[in-house]
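J.: Here are the chains, one letter per residue:
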Amino acid sequence: MSDSTAREEPELVQLLTPDGEYVPHPDYPFDPTPDHVRGLYRDLVLVRRLDAEAVALQRQGELGLWASLLGQEAAQIGSGRALQPQDMAFPSYREHGVAWCRGVTHRDLLAMFRGVTNGGWDPYEHNFHLYTIVIGSQTLHATGYAMGVQRDGALGPDGTAVITYFGDGATSQGDTNEAFNYAAVNNAPVVFFCQNNQWAISEPSERQTRAPIYRRAAGFGFPGLRVDGNDVFACLAVTRDALQRAREGQGPTLIEAFTYRMGAHTTSDDPTRYRASEEAEEWRRKDPIARVRSYLVREGMADDDFFAGVDAEAEKLGEQVRTDCRALPDPAPLDIFREVYAEPHSHLDQQRAEFADYLASFEGAEGAAR
Amino acid sequence: MSDSTAREEPELVQLLTPDGEYVPHPDYPFDPTPDHVRGLYRDLVLVRRLDAEAVALQRQGELGLWASLLGQEAAQIGSGRALQPQDMAFPSYREHGVAWCRGVTHRDLLAMFRGVTNGGWDPYEHNFHLYTIVIGSQTLHATGYAMGVQRDGALGPDGTAVITYFGDGATSQGDTNEAFNYAAVNNAPVVFFCQNNQWAISEPSERQTRAPIYRRAAGFGFPGLRVDGNDVFACLAVTRDALQRAREGQGPTLIEAFTYRMGAHTTSDDPTRYRASEEAEEWRRKDPIARVRSYLVREGMADDDFFAGVDAEAEKLGEQVRTDCRALPDPAPLDIFREVYAEPHSHLDQQRAEFADYLASFEGAEGAAR
Amino acid sequence: MSGTELTLGKAINAGLRRAMEDDPKVLVMGEDVGRLGGVFRITDGLYKDFGPDRVIDTPLAESGIIGTAIGLAMRGYRPVCEIQFDGFFFPAADQTFTQLAKLRARSEGRLTLPVVIRIPYGGGIGAVEHHSESPEAYFTHTAGLRVVTVANPEDAYWMIQQAIACDDPVVFLEPKRRYWDKATVHTGGSPAAATPMGAARVARAGTDLTLVAYGPMVKVALQAAEADTEHSIEVVDLRSLSPVDYDTVFESVRRTGRLVVAHEAPVTSGLGAEIAARVTESCFYHLEAPVIRVGGFDTPYPPSRLEEHYLPDLDRILDGVDRSFAF
Amino acid sequence: MSGTELTLGKAINAGLRRAMEDDPKVLVMGEDVGRLGGVFRITDGLYKDFGPDRVIDTPLAESGIIGTAIGLAMRGYRPVCEIQFDGFFFPAADQTFTQLAKLRARSEGRLTLPVVIRIPYGGGIGAVEHHSESPEAYFTHTAGLRVVTVANPEDAYWMIQQAIACDDPVVFLEPKRRYWDKATVHTGGSPAAATPMGAARVARAGTDLTLVAYGPMVKVALQAAEADTEHSIEVVDLRSLSPVDYDTVFESVRRTGRLVVAHEAPVTSGLGAEIAARVTESCFYHLEAPVIRVGGFDTPYPPSRLEEHYLPDLDRILDGVDRSFAF
Ligand SMILES: Cc1ncc(C[n+]2csc(CCOP(=O)(O)OP(=O)(O)O)c2C)c(N)n1
Ligand SMILES: Cc1ncc(C[n+]2csc(CCOP(=O)(O)OP(=O)(O)O)c2C)c(N)n1
Ligand SMILES: [Mg+2]
Ligand SMILES: [Mg+2]
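Chains as they are written, first to last, in full-length UniProt numbering: chain L, 1 to 370; chain B, 1 to 370; chain Z, 1 to 327; chain C, 1 to 327.
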């Protein structure tokens with residue numbers, strides 16, 4: 001009888017300690033060259049800034065909502081930078097860091113949260129699917145896409161891998177478990193990247209699962225592991241490894257990035273109602289950016305000029321975010337009917353025409369009132 | 001990294017070998033007294049007979065459909081006889097052996113397959129829920145019921161446990177996985193009893209799962225084990241143990257009873273289209289009834305008179321099944337409206353009245369034609 | 001009769017609390033309904049006062065919520081399930097349509113399943129996708145369910161209690177953009193003595209045209225009726241969507257001879273279609289114009305910057321009224 | 001034009017085969033569609049000829065079927081999904097309504113999802129529960145989907161190919177009790193040249209009353225029309241349920257002045273309601289009677305020994321016709 005009810009703390013892959021010390025791992029090679037690490041540091045700082053600006057813009061009424069990635073930068077930049085251009089990513093709604101790595105602009109990200117679109121970017125242009133709000137749905141899309149990759153014969157050392165992102169809460173959803181199973185049975189080239197930020201809105205992960213999340217994979221017949229989600233080196237190394245395995249036809253992997261949601265669930269949320277501030281304090285000491293900075297300083301890989309340069313870049317980005325957000329054009333009323341169908345649709349085409357007439361009737365009566 | 005992709009054959013709890021030798025198991029005490037084993041033998045033979053009669057009745061057009069339990073008698077009688085009267089069982093649609101143990105009559109079972117009802121018996125009278133056709137649904141009902149048991153404070157050495165039955169195919173369904181998780185998180189007193197009969201209609205279990213099914217439990221944080229599903233002693237012993245654990249507040253268990261569907265999926269199915277007859281041959285050698293008979297003979301616990309007596313009883317049961325099936329009354333047309341709602345429903349009550357008038361209009365015109 | 005000023009949201013909260021006090025079998029369950037009190041705070045304070053056995057923070061799985069609620073009901077409980085937003089109901093469609101709605105008939109009345117499914121529904125709060133939908137027609141097409149919605153705090157307070165007391169499964173649709181609307185609630189008396197949840201209500205008397213609305217649209221309908229100074233418009237607040245109280249609707253239409261039905265849901269195969277079909281069949285000779293439907297377009301709910309154009313507003317309703325009088 | 005005698009089931013099989021031959025991106029997926037050829041053998045022989053990469057026996061999980069089909073479509077495939085029976089669609093409701101139907105609009109047209117969902121539907125085969133339902137109204141209320149059904153082998157052969165060729169998601173409802181009906185199928189030509197799947201068809205000309213039916217009910221409607229020797233009944237086979245070809249329906253009703261709509265699904269909030277509402281609005285002055293709906297009762301589908309009473313038959317349709325003429 002396999003009894004896993006005991007909740008002993010499982011092993012965690014870590015390459016960079018909270019103090020900024022690099023500890024090589026036998027299974028996950030990583031080469032912390034100055035350029036590489038400085039690049040990661042820059043990514044981390046810039047996405048945190050983008051995120052902070054978006055939160056502020058929501059407070060100012062410029063966005064309807066924003067889901068902050070604060071605290072999860074390393075998990076996202078690490079995994080995002082592990083992707084090859086041909087790889088396809090299926091995010092949930094908080095993966096601004098991954099979006100950043102895929103070249104999705106802040107403008108496109110803001111558009112959805114501003115309510116000017118339900119999408120925002122071309123999934124094929126970036127090999128980055130649209131944000132998916134309904135929890136778990138995208139894990140099946142990723143699995144199906146990966147089954148398509150198999151059918152295209154696009155596996156091999158330079159083949160295509162697929163990654164999908166979801167949270168600890170999403171592991172409770174039927175769809176996510178069906179995706180695990182479809183991926184396992186089909187040996188599909190997909191990496192399941194779970195950011196366990198320990199909360200699903202107000203519910204701590206004990207309300208979602210009794211076993212450590214990474215162990216779910218073994219039950220479906222594929223490997224799972226837990227990585228320090230605040231360690232960008234480790235997240236990059238384990239994701240690269242899992243993607244390569246997928247690429248080469250060795251099937252799915254579940255990565256549980258153990259991290260923490262340092263902010264509110266979204267700008268609509270008030271975490272003081274359900275969690276102690278000490279918890280957040282404790283995690284602040286494990287900050288994903290601070291430890292990279294420590295490493296750079298400790299190793300003499302970056303000086304004050306470098307850090308000032310990144311900060312200046314962040315300033316500029318912040319300004320750009322604010323300007324671009326306000327400049328996002330509102331959609332036109334008739335956009336409601338846009339691209340509901342690919343082919344002509346007698347009924348909807350007529351409804352659209354009637355609405356156009358209706359709108360026009362006001363123009364006559366009240367000028368530009370509408 | 002926990003890698004379970006290798007499909008080594010897992011350990012199987014077995015107390016009675018195919019040759020009828022009893023091998024005690026350190027973890028699962030069992031006391032094969034003559035009375036006990038003779039009783040089990042009788043159960044096995046009688047439900048097999050009931051089942052065979054039902055298949056024949058379907059062939060004769062007396063039933064719309066029948067899902068045969070052939071080959072799965074031990075899994076059902078073993079687990080069914082492990083239940084206490086207060087325990088509640090949630091079956092799928094093939095658990096005629098469990099129904100037998102719960103005192104559901106063949107008449108009630110046949111009624112659903114004859115199409116005179118969608119239900120058939122009082123779930124509370126037997127502590128045996130209705131058959132559930134939509135795969136996996138009942139696993140959540142069982143879990144919820146078990147959460148109710150917890151809230152009633154009905155746990156303890158003589159407390160109430162819940163069991164739910166499902167097949168290998170059902171482990172793919174989102175609901176079943178959600179049930180595993182709800183049960184784990186709530187530590188609910190429910191036993192998940194999976195009869196892995198190796199086939200879901202035409203799909204072999206490799207198309208449903210990559211890992212042995214019992215391992216799924218560990219991923220959700222509760223124990224799972226595999227038992228020889230053709231061994232009634234082992235099925236009884238492990239189920240009794242798991243029920244007791246549940247009863248005493250130690251939470252859920254997943255039991256995978258490794259067995260074989262010796263017949264067609266249902267009377268509508270034609271297994272020659274998808275599986276080799278040698279496979280069935282091989283499993284016939286592991287017949288769940290033959291080994292109990294061997295044991296009884298080997299141990300001198302039963303003589304020819306006993307076996308003849310059971311056969312005679314089976315004959316009589318067969319006759320009764322045939323008679324009772326044909327005697328099942330057809331429902332009346334207005335039963336369509338029966339118990340759709342518990343309370344008056346203006347619209348449906350009116351619809352019913354209109355239909356009654358409509359039916360009556362024919363009586364005037366054509367006499368008893370309708 | 002005691003009266004208290006309450007928002008619609010607080011009125012549901014007060015009704016839930018009273019139902020839980022009155023019957024220890026009443027449970028509240030859903031995502032974040034516990035310590036947080038739900039994303040709209042409708043279950044605020046219940047966790048603190050009734051504890052985790054009666055106010056259950058469930059895993060993030062809607063099929064699991066309804067599926068386990070069915071099991072709890074079979075064990076004698078009366079679960080009140082919260083679906084966090086309309087757009088997140090669908091993972092629970094199978095358990096709701098195939099199990100919850102049908103189990104009583106399947107069991108020939110041996111199983112009673114008093115499960116309430118609360119769903120904050122409809123648009124108008126500037127939300128992201130899946131947070132503004134009006135799925136009522138999926139429910140009204142499903143035999144075995146009752147479907148109600150509320151338009152004011154008084155109904156909210158009583159109807160949630162009636163829904164919980166009802167031995168049938170009830171889908172309780174909460175017009176989320178009205179959660180903050182305030183009015184006096186008369187908390188004296190008992191749910192059984194209050195207007196039955198199955199009854200429609202004439203919210204405004206009129207003689208020239210009947211305007212049927214429900215949930216969030218009642219307020220818009222009343223404003224439209226006020227704004228139309230040429231015609232005397234009667235506004236009927238349906239309250240119950242399944243079954244519909246046709247006695248009240250027919251009586252009104254037979255007097256006015258004209259009917260406009262307004263809802264947020266897409267028009268095609270929406271509840272307005274059913275009302276139009278039945279009213280036409282039963283009041284054929286009284287109708288001076290066909291029933292006019294004003295509703296959402298047959299598109300997915302648009303991004304929030306377009307919702308003011310998607311949702312039927314005063315102008316769109318009056319346009320419908322004009323179309324009726326044009327016949 | 002070459003003609004072959006085929007059952008409706010075999011015609012779908014032949015259409016699937018031709019679509020798979022014509023386009024290597026077409027996949028077939030579902031439970032038991034491989035070696036078994038599906039429980040109704042509609043995919044018979046495809047696994048043998050196209051192999052497991054193109055004919056996929058999926059795990060037993062409907063949400064997984066539609067969810068992975070979406071992913072496959074995003075990668076450029078055209079998956080044809082089989083849902084084994086109508087009653088087992090609902091676990092896939094979320095992926096169908098919330099993802100499949102909405103993704104094109106969400107992506108502003110960047111994602112094209114040519115997914116076909118084949119569902120054997122309707123009653124009349126003496127099956128157990130969940131095997132006889134008619135869920136079309138859930139689909140017709142969902143923007144972003146197209147919904148079609150077929151009533152004869154010729155349509156079956158062509159429309160399955162048209163559904164697969166269509167760049168929108170199409171729910172393809174197969175009248176299971178008609179699978180064994182035989183007729184000549186003209187397999188020459190191309191899907192593009194055949195009658196478009198969006199067009200209704202006048203199946204029988206008449207002058208006194210229009211009888212609209214679709215799928216399994218077309219045959220019953222034609223029998224009823226024959227049986228009524230007093231009136232000249234025109235029968236319209238809708239074929240497409242979303243969108244409905246209203247041009248054809250309106251033209252007919254304006255000529256006959258009367259309309260009866262028949263379907264197996266429960267009447268309340270069924271497709272008949274939508275047709276009644278729209279026809280009444282557009283043909284108000286032509287109607288000599290209200291639109292009469294004949295359908296299933298508002299109950300769960302009953303056990304098979306009652307289905308002959310549940311399903312609208314010739315008598316129930318003629319009763320509807322009589323009710324129309326009684327006005
Ligand atoms: C099917 C569904 N149910 C409910 C919600 C509402 N909801 C949005 S986010 C969320 C919590 C998600 O938690 P988790 O998966 O851990 O991701 P995180 O937000 O922590 O990144 C919930 C319940 C939803 N979006 N989809
Ligand atoms: C949700 C759902 N999908 C499809 C079906 C059709 N179906 C009936 S039985 C069956 C196979 C079940 O296999 P398994 O779970 O192994 O149980 P077994 O029949 O072998 O006992 C299928 C696909 C169903 N009943 N419910
Ligand atoms: Mg989380
Ligand atoms: Mg099986």
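Treat each hint with caution, since some may be false.
As the list claims (entries may be wrong) - So the derived label-pair ranges between C-beta atoms look like this:
#1 270/L / 194/Z: 45 to 53 Å
#2 359/B / 184/C: 36 to 44 Å
#3 223/Z / 270/L: 29 to 37 Å
#4 282/Z / 48/C: 52 to 60 Å
#5 194/Z / 327/L: 24 to 32 Å
Read the hints as simulated data drawn from the structure, not as lab findings.
Even glycine gets a Cβ: it sits at the ideal position worked out from N, Cα and C.
J.: For each hint, tell me whether it holds in the structure or not.
T.: Checked hints:
1. 270/L / 194/Z: 45 to 53 Å: With a Cβ separation near 34 Å, residue 270/L and residue 194/Z fall outside 45 to 53 Å, so the hint is violated.
2. 359/B / 184/C: 36 to 44 Å: holds (39 Å)
3. 223/Z / 270/L: 29 to 37 Å: holds (33 Å)
4. 282/Z / 48/C: 52 to 60 Å: Between residue 282/Z and residue 48/C, where Cβ atoms are some 57 Å apart, the hint holds.
5. 194/Z / 327/L: 24 to 32 Å: violated (53 Å)
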